[in-house]
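Protein chains in written order, with the numbering used here: chain A, 1 to 355; chain B, 1001 to 1355; chain C, 2001 to 2383; chain D, 3001 to 3383.
In short, the hints are calculated from the structure, not lab data.
Built from N, CA and C at the ideal position, the CB exists for glycine as well.
Just to be clear, a hint being listed does not mean it is correct.
Said to hold, decoys possible - Restricting the straight-line Cα-Cα distance to at most 20 Å, the calculated cross-link-like pairs of lysine to any residue (SDA-like) are: (1) B:K1055 with C:D2166; (2) B:K1055 with C:Q2161; (3) B:K1055 with C:G2164; (4) B:K1283 with B:G1232; (5) B:K1055 with C:T2273; (6) B:K1283 with B:E1309; (7) B:K1055 with C:F2162.
As the list claims (entries may be wrong) - If you anchor each label on the Cβ, the simulated ranges turn out as follows: (8) D:A3363 with B:E1316: 52 to 62 Å; (9) A:P231 with C:D2356: 32 to 42 Å; (10) D:D3345 with A:E216: 28 to 38 Å.
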Amino acid sequence: MTILDRSPMSPTPMSPTPLRHPNAAGPVGLTDTTTLTLAKAINAGLRQAMLDDPKVVLLGEDIGALGGVFRVTSDLLREFGPHRVIDTPLAESAIIGTAVGLAYRGYRPVCEIQFDGFIFPGFDQIVSQVAKLHYRTQGAVRMPITIRVPFGGGIGAAEHHSESPEAYFTHTSGLRVIAVSDPQNAYSLLRQAIASDDPVLYFEPKRRYHVKGEVEPTLGSPMERAVIVSPGSQVTLITYGALVSTARDAALAAADEGVSIEVIDLRSLSPVDYATVEASVRKTGRLVVTHEAAQSGGVGGEIVASITERCFDYLEAAPVRVTGFDIPYPPAKLERHHLPDLDRILAGVDRVLGR
Amino acid sequence: MTILDRSPMSPTPMSPTPLRHPNAAGPVGLTDTTTLTLAKAINAGLRQAMLDDPKVVLLGEDIGALGGVFRVTSDLLREFGPHRVIDTPLAESAIIGTAVGLAYRGYRPVCEIQFDGFIFPGFDQIVSQVAKLHYRTQGAVRMPITIRVPFGGGIGAAEHHSESPEAYFTHTSGLRVIAVSDPQNAYSLLRQAIASDDPVLYFEPKRRYHVKGEVEPTLGSPMERAVIVSPGSQVTLITYGALVSTARDAALAAADEGVSIEVIDLRSLSPVDYATVEASVRKTGRLVVTHEAAQSGGVGGEIVASITERCFDYLEAAPVRVTGFDIPYPPAKLERHHLPDLDRILAGVDRVLGR
Amino acid sequence: MHDLPPHGAADNGSPLDDDFIQLLSESGERMPNAEFDPWVRDIGAAGLAALYDDLVVVRRLDTEATALQRQGELGLWPPMLGQEAAQIGSARALHPDDFVFTSYRENAVAYCRGVGLTDLVKVWRGNAQSGWDPASVGMAVPAIIIGAQTLHATGWALGAQFDGADSVAVTYFGDGATSEGDVNEAMVFAASFQVPVVFFCQNNQWAISEPVGLQARVHIAERAPGFGIPSLRVDGNDVLAVMAATRVALDRARSGGGPTFIEAVTYRMGPHTTADDPTRYRDPADLARWAERDPILRLRRLLDAEGLFTPEFEAATAAHADAAAAELRAGCIGLADPEPLSVFDNVYTTPQATLDRQRAGYAAYLASFESSDTRSSNEGASV
Amino acid sequence: MHDLPPHGAADNGSPLDDDFIQLLSESGERMPNAEFDPWVRDIGAAGLAALYDDLVVVRRLDTEATALQRQGELGLWPPMLGQEAAQIGSARALHPDDFVFTSYRENAVAYCRGVGLTDLVKVWRGNAQSGWDPASVGMAVPAIIIGAQTLHATGWALGAQFDGADSVAVTYFGDGATSEGDVNEAMVFAASFQVPVVFFCQNNQWAISEPVGLQARVHIAERAPGFGIPSLRVDGNDVLAVMAATRVALDRARSGGGPTFIEAVTYRMGPHTTADDPTRYRDPADLARWAERDPILRLRRLLDAEGLFTPEFEAATAAHADAAAAELRAGCIGLADPEPLSVFDNVYTTPQATLDRQRAGYAAYLASFESSDTRSSNEGASV
Ligand SMILES: Cc1ncc(C[n+]2csc(CCOP(=O)(O)OP(=O)(O)O)c2C)c(N)n1
Ligand SMILES: Cc1ncc(C[n+]2csc(CCOP(=O)(O)OP(=O)(O)O)c2C)c(N)n1
Ligand SMILES: [Mg+2]
Ligand SMILES: [Mg+2]
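Chain A extracted, bound-state conformation (with noise of 0.2 Å):
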């Protein structure tokens, strides 16, 4: 009697295998870098996780014939047929339980959250079952489940649709916690996260759903690292999601008055990769942390307290912080209000630089 799937998981992060489906009639997977918008580059990961492992399910409100509200899941219904791709009825907590119901079986659900402000329904289950079964069960449950979340403001929106919530994961412990901020990470670290047996948090940026970039099938360095995007000497930017490419034009017009940023992107919220920021700060001596989510109990708190734990006698300045506000998500013509931009990360920067 087999109950739970225990074959081997699926090919690990570090072996890239852009597999093509055996039926040439059948869905393809990339196989030569591409220009692809970061929406299709999750496309794109979606359809090659789906055919490296036929446990791979998609559950979501909207995402067979629409293709999601934002087209991600395009064509995928068509491809793989209403078994791989569940349109299923309105309500988040069931989305995320009957996905813990399938990983009990042996599946990868990779669950589609329509908006960051729609989460909360689901977060019981995320919290209370996601999270805690692997421990619960002294391992022997497994709950390799991939939430998507479309995040972050800026896109003009009304209530609830704009909403940075990532922090409420990084203090859930259990859950693996990723946000990306170009097509290749969204292709690579997509794969990735639905390989890992662990529950990963997936934070799409959505106001850079349009933007392009080559995408190379492959799997790239491990989703735990943080990569440096732009290297630097006098101070350590770091930041993740949509503002990645805010902070590297930040980086850019401080190169041009003198100052030499190096800005790295988290990719990885929980863990952080604190070897690869420990060793910026050392170097710098100055840290701004900027994100989108409201500053008290925000992921910038958290990095500012370990990096100031680990490298108290580096800092050459107190961290600053450059962070949306303590305030429930704008209305869309006061949310510039409340977004860190390039104007207010460079001030952060003069900040910790004691301008």
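Using the hints, position chains B, C and D with the ligands against chain A.
Relative to the frame of chain A, chains B, C and D with the ligands by itself:
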């Protein structure tokens, strides 16, 4: 047509009003200083709030005839009747959502969540409705809802009965978050919380429910204020809830070794009374924060980050956190290996002192 | 035992079956109904004309708002096209001191409650997270989290019951919403406490791209009795039937009879919102079939048959609609942008130190732009 | 339209009405039932004896666990006293490759699934957060969050459907649980996908101190048809009726007929848990009335009438029960305490740097006690 009760709010926190019920046979509030357990102090606070304001109603599971699983609401059903003490069906989202509707109609609901781990089914209503409705309506609607949550471990309980979910709420803009530590502040802060026109998460240290103390029927200092419970000069030790008493013990033990610790009971976790904390850290130059909740993303990280930002030049060593680990709450036989205790706190003090 | 009722999923997929209350046929004839006719007996010629005026005005407002969105004046708009009768027929049955808890699509309900026209679009223009003061119109601000408002209505009704008030809470939600835990918990609480609340479900056949058959295998109206709540299934495109059913439910609630559930069977003739593309999932033939059942056309045929649809009436109604549309457009375009620092207002009712510090920091930061052309330092300020 | 069924809240308050399937009367007589008899026709003398043995053993285990708690060997115990037939009758209907998702009180179900006796008490002794490997017994670890497991069962059943497997998910939950959103959402999903899942509700009349009438104004079995799920209401103290009903449901699920809901009407004869004090809320007369309906007594009367309840049989059963109780006690007391550092195990499936650092810090901290009598410093370690 009066739809929302626009009458002035209940007595302001600063004016103690130990009202007696007009009907001599009815319930009677505390009039003199009395020795009470922490649970009974909360009971007395609820009674007084209900006497003060007929719009105060209690909602929860088993709070009526049973008096709650911790007997915190004992006798209140008998004294105030089923329209003031409402045993609800078993559904946390509905308990909170119903309270929102009652608040819309001018009521001042006090919800009981039976144990910390059972707040998550109600999380969506708290985060997306309770916390945001005042902002959403540009101030037109108030949500004077108090959500009482027995929290923390150390009672040898099964899973979900020992959690410390406070950081999820301190990261939620629009909420106030209180954690009480002794019978007196349990009584006083509960009355302030219920009288507040903002929603308040009120955390009760369940392992200290049976600890006795003198309770004066006053409101004490404003609930936003932190309190120095034991003055000292070399190390600032910050905590809240059940660990306040452990921190005091640590201060006593350290005093024996010639180390002077200033213990601060935060009481308010959102907002944190940084004025009090800063003043202490500027004096001592050394900070230790301790709590039961997991470290990553916990309240301690926010305090360390904020104090580092605010008092960088005063810090003589990296602040230290002594917290629960980044694990799901462990089984009862292991909880002492998760919860900070006297020794672990003293080890943290040693660390901040470089010993 | 409880086997399934005869109509199952297949029937739900073709919801045109007439297993519902109808007082007005598709061709505009009054259909006698001994049980429900008495509830609309007071609606004479003037009443019918007023309802027609309502329907035309709200459709015009809806069209105008859609146009405003296409012209870039609104960020988004959720059209109610096709659902006018469901909303007008129910909302016109309410008393002023009843209280309404809706989702985002109930703009005709808001119109009936007296919400200012400009207030209808504030959210969608991005000026505010809600448009009006609930107390002033007896209508909560819409809930975007699907189903959340049904619990608020239940709580409000509980308060009304405590107060001994003669008021009823009415909550609107969609067919998709019936799948959310909150809506079901609301029925549990409403039944348990026997509170005066009416659950009004507009089954418009779609939850964005998902047909109602995915949410429910039996008629939605059948859900409530299992919770101990009586229900009514009504032709949602028949303004008279909707009004009669709503009055029955309100009357039951006012007389202590507790909650009632109404399923109004209608159709979302437009996209989910202006951002949606229904061609990806909807058969155009479906739309054509439902166009036959247009709620306005039907009442017009009745008025016509009764000689009430005179050219003067038609012109007056059109003029009213045009004036409303013009007012909406002017109000929308004239909305003043909110002040930057208002972003910090109304998070709390009283000062909150951490937030006040952020406000002060940001104010200083903004001021630094005013005082110089280049960005300047802002020591100590946390932005 | 859908008015309420004839029995309302008042009836729910006195759940002794016999509006349910019964095959064995309270006095132990077989009650003929053309529809359900065929489903237990195979249960001959040996089958009845085996069921009786089960009932006696699980009651004895339950009593022993309660005693262990009173003696301080367990932190807590949730007795199932009175619910043995509901659990044995259903669990003995299952196939090995079915999968069970329960709450905390289903220890008789666990016994039937083959869970080791000591494993039943691991959680309550505080040794672990769960007692067994689900795959080895076809039973998930219990969910303490009320209702959560019903969604897991639905998801598992969806997987079974995809796999074309002949397996059914069965989920157990209480009357109180039916108020939680999750249970209702599970019914929505199960109906929509037509998956092979059985919803088995033990209506034991109480959710801690709350009577079932607070949760539901009509019989719980009436909830499911409104979701498109057929339901059965069965005398939960009648082991044969429970088994017949469960077999009907399992058969429907296996043959592609989708979900079924079963309400087993029973009674929690003990406290909610050993920490509870039912005298605060329960009328003792109620208990006395239900004692008459004891599920074991009833089967014993039948066995007696059929001449099967011989002194040898009674003695053998008692011996079996005593042996099981002794095994439970010895296993419980013999449980080795978990290793301190195991507190860090199995949070993740692969190393996680932040946690590994915490583990190393704590290991060093613990080691510092071993190496000296006084607490020592532990530089760099984060404890
Ligand atoms: C909790 C939650 N999940 C998802 C959404 C996204 N969403 C907005 S409208 C909608 C469909 C709602 O369908 P229905 O309830 O039938 O109402 P209708 O739009 O047809 O009026 C969805 C899924 C949401 N707003 N809230
Ligand atoms: C979400 C949640 N809320 C509250 C509780 C506390 N609690 C434990 S058991 C129980 C009553 C459950 O009643 P019922 O579903 O009838 O099951 P029974 O105990 O009768 O077997 C409650 C309220 C919980 N475990 N989970
Ligand atoms: Mg709809
Ligand atoms: Mg029960």
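Evaluation of the provided hints:
no. : hint                             : verdict
1   : B:K1055 with C:D2166             : holds, 18 Å
2   : B:K1055 with C:Q2161             : holds, 13 Å
3   : B:K1055 with C:G2164             : holds, 14 Å
4   : B:K1283 with B:G1232             : holds, 9 Å
5   : B:K1055 with C:T2273             : violated, 40 Å
6   : B:K1283 with B:E1309             : holds, 16 Å
7   : B:K1055 with C:F2162             : holds, 10 Å
8   : D:A3363 with B:E1316: 52 to 62 Å : violated, 28 Å
9   : A:P231 with C:D2356: 32 to 42 Å  : holds, 39 Å
10  : D:D3345 with A:E216: 28 to 38 Å  : holds, 37 Å
The structure fails to meet hints 5 and 8 from the earlier list, while all remaining hints are met.
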